[in-house]
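Chemist: So the protein lines, in turn, are chains A and R. If you want our numbering, it's the 1-based position in the first sequence plus 26. If you want our numbering, it's the 1-based position in the second sequence plus 737.
Think of the hints as simulated: they come from the structure by calculation, not from any bench. Quick caveat, the model's predicted, so the values are computed rather than measured. Hints are not guaranteed to be accurate.
[Claimed, not checked] List of simulated lysine-lysine pairs, DSSO-like, C-alpha gap at most 27 angstroms:
(1) Lys106/A <-> Lys760/R
(2) Lys760/R <-> Lys110/A
(3) Lys87/A <-> Lys106/A
(4) Lys1027/R <-> Lys1042/R
(5) Lys81/A <-> Lys1019/R
(6) Lys70/A <-> Lys760/R
(7) Lys760/R <-> Lys81/A
(8) Lys87/A <-> Lys70/A
(9) Lys1019/R <-> Lys741/R
(10) Lys760/R <-> Lys122/A
(11) Lys81/A <-> Lys130/A
[Stated by the list, open to error] The following label-pair restraints were derived from C-beta to C-beta distances:
(12) Lys130/A <-> Ser770/R: 15 to 25 angstroms
(13) Thr101/A <-> Gln765/R: 33 to 43 angstroms
(14) Val99/A <-> Gln748/R: 25 to 35 angstroms
(15) Trp1049/R <-> Gln59/A: 43 to 53 angstroms
(16) Gln773/R <-> Lys87/A: 20 to 30 angstroms
[Said to hold, decoys possible] Partial chain R-side listing against chain A, Cβ under 8 angstroms, derived:
(17) Lys760
(18) Glu761
(19) Phe762
(20) Gly766
(21) Arg782
(22) Val788
(23) Phe791
(24) Ile1007
(25) Gln1011
(26) Asp1013
(27) Asp1028
(28) Leu1032
Here a beta-carbon is modelled for each residue, glycine too, at the ideal position from N, C-alpha and C.
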Amino acid sequence: MTQYYELYRSSSLGSALMDSLDDLISEGQLSPQLAMRVLAQFDKSISDALNNRVKTRISFKGSLRTYRLCDEVWTFIINKPTFKFDSEDITCSRVKIVACNARKPGET
Amino acid sequence: MANKNTALIYQQVIDEVISAVQKEFEDQGVDESVLQDLQRSWEARLLASNVADFPQAEGVDEDVYHQYPDSVAPYDQDYQPPPNPPTADDPYTSAAYVSPLGQVMPGGPTVAAANLATFASTPGSAAANPEDPEVAAYGKPQPYMYPKGGNTTAGNYDRRSHQQPTHSLPPGNGSAGGGGATSGYIPQHDGADDLALALAQVDGDYDRPASNYPTGYTDPSATGPGAVTNAAAAIADDEGDEDAINSDLDDPDDDDIHENGAGGDDTEHIILCQYDKVTRQKNRWKCTLKDGIMLVDGKDYLFHKATGEFEW
């Protein structure tokens, strides 16, 4: 069975789900085990959706302030990044990038 | 907008997750309404976070969402809102769980909760139904009850001694439907269930306001927790300042917080993604990223591929 990263759980969509699951658990309507199953399904669905349904390509530039590679996870903090989408550019003061290895452990 | 697809993709993901786990909910005997609740509250939260332009967005912002009695109602009247302190229910559920007849509800809270909907729709059968004490005990803090409530004198009639400590509260809360509703319901317990009520009232002063919560009025106790949260946030900010003074490493993050004003998710710009390749030539870095979710300026953007070049 393919493994899916759990990192998307900290996205807006994932944290909204986790908060909702927490509520149901604390109300006693849902078992933590079942909630974990829902989250696992979320990992799969969001990964598949990003992989298959999202076509957007972007490029970005900026100045790298911090880089870190730990346990196959890259973390970059980039100052003044500029993201180029097809139709518009987006900038912000600083962005943090957390990237897991696209080649998952066990895959070749 | 570059993030116009986000809402669509998110909706697809939500639908996919919900339908994929449906069978598992059934297998474990969890009522389908729980799954529907999950979907509703998930969508409501996402909507409130305002990270994408949702077609059904009705200008609901986060603040409104947190004052749930008003804002949640549009999504679902039955929705049990997050700020309701769940522990408030516990004295009821644990105390009332063993019915006066000594039965233990086999299905547990889930069954009782599932029964609530039916129960609420047939209030007339309340007195006749032998299972009522349990169900009613669960029902007390719920908003379902207040259509049949509003009768505070009825609430008093056979239970004055027990009611004294708690009943002083509803008038203080504006004596709206809420207070009357819960107490108006109590007389339908009979006999041995008094014990459960008495137990619940041991810490009644704390429980009552909380269990009155969902009944839809605003009172000082509703704003109280918010004020506490704000205070806590303020304290956290202060601590952040101290850290900023003491530690070079903490500076950047704190700068971000202060640049962007108030705390919360909006202040952090973050990309969650996977990397295909990261290379470096002297101080020039190049990376190829895929399958990312960007949260920038409070908006989510999704990308399939991203290439980045930056100098250290």
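Chemist: Does each hint hold? Answer for all of them.
Modeler: Each hint, compared with the structure:
1. Lys106/A <-> Lys760/R: violated (47 angstroms)
2. Lys760/R <-> Lys110/A: Roughly 42 angstroms separates the two Cα atoms, so the pair is violated.
3. Lys87/A <-> Lys106/A: This hinted pair holds, its Cα atoms lying about 8 angstroms apart.
4. Lys1027/R <-> Lys1042/R: Answer holds: Lys1027/R to Lys1042/R is near 4 angstroms, not above 27 angstroms.
5. Lys81/A <-> Lys1019/R: The hint is violated at about 32 angstroms.
6. Lys70/A <-> Lys760/R: holds (16 angstroms)
7. Lys760/R <-> Lys81/A: The hint is violated at about 31 angstroms.
8. Lys87/A <-> Lys70/A: Between Lys87/A and Lys70/A the Cα gap is close to 30 angstroms, so the pair fails against 27 angstroms, i.e. violated.
9. Lys1019/R <-> Lys741/R: violated (38 angstroms)
10. Lys760/R <-> Lys122/A: Not OK: Lys760/R and Lys122/A at ~38 angstroms, beyond 27 angstroms, violated.
11. Lys81/A <-> Lys130/A: holds (21 angstroms)
12. Lys130/A <-> Ser770/R: 15 to 25 angstroms: With a Cβ separation near 37 angstroms, Lys130/A and Ser770/R fall outside 15 to 25 angstroms, so the hint is violated.
13. Thr101/A <-> Gln765/R: 33 to 43 angstroms: With a Cβ separation near 38 angstroms, Thr101/A and Gln765/R satisfy 33 to 43 angstroms, so the hint holds.
14. Val99/A <-> Gln748/R: 25 to 35 angstroms: holds (29 angstroms)
15. Trp1049/R <-> Gln59/A: 43 to 53 angstroms: holds (45 angstroms)
16. Gln773/R <-> Lys87/A: 20 to 30 angstroms: The hint (20 to 30 angstroms, Cβ to Cβ) is violated, given that Gln773/R and Lys87/A are roughly 45 angstroms apart.
17. Lys760: violated (11 angstroms)
18. Glu761: This hint holds: Glu761/R lies near chain A, its Cβ roughly 6 angstroms from the closest one there, short of 8 angstroms.
19. Phe762: Because about 7 angstroms separates Phe762/R from the closest Cβ in chain A, which is inside the 8 angstroms limit, the hint holds.
20. Gly766: Cβ of Gly766/R sits 10 angstroms from chain A, so the hint is violated.
21. Arg782: holds (4 angstroms)
22. Val788: For Val788/R, the interface hint holds, since the closest Cβ of chain A sits about 4 angstroms away, which is under 8 angstroms.
23. Phe791: Constraint on Phe791/R not satisfied, violated at 12 angstroms.
24. Ile1007: Status holds, d = 5 angstroms.
25. Gln1011: holds (4 angstroms)
26. Asp1013: Check passed: Cβ of Asp1013/R comes within 5 angstroms of chain A, closer than 8 angstroms.
27. Asp1028: Cβ of Asp1028/R sits 4 angstroms from chain A, so the hint holds.
28. Leu1032: holds (6 angstroms)
Hint compliance for this structure: hints 1, 2, 5, 7, 8, 9, 10, 12, 16, 17, 20, 23 are broken, all remaining hints hold.
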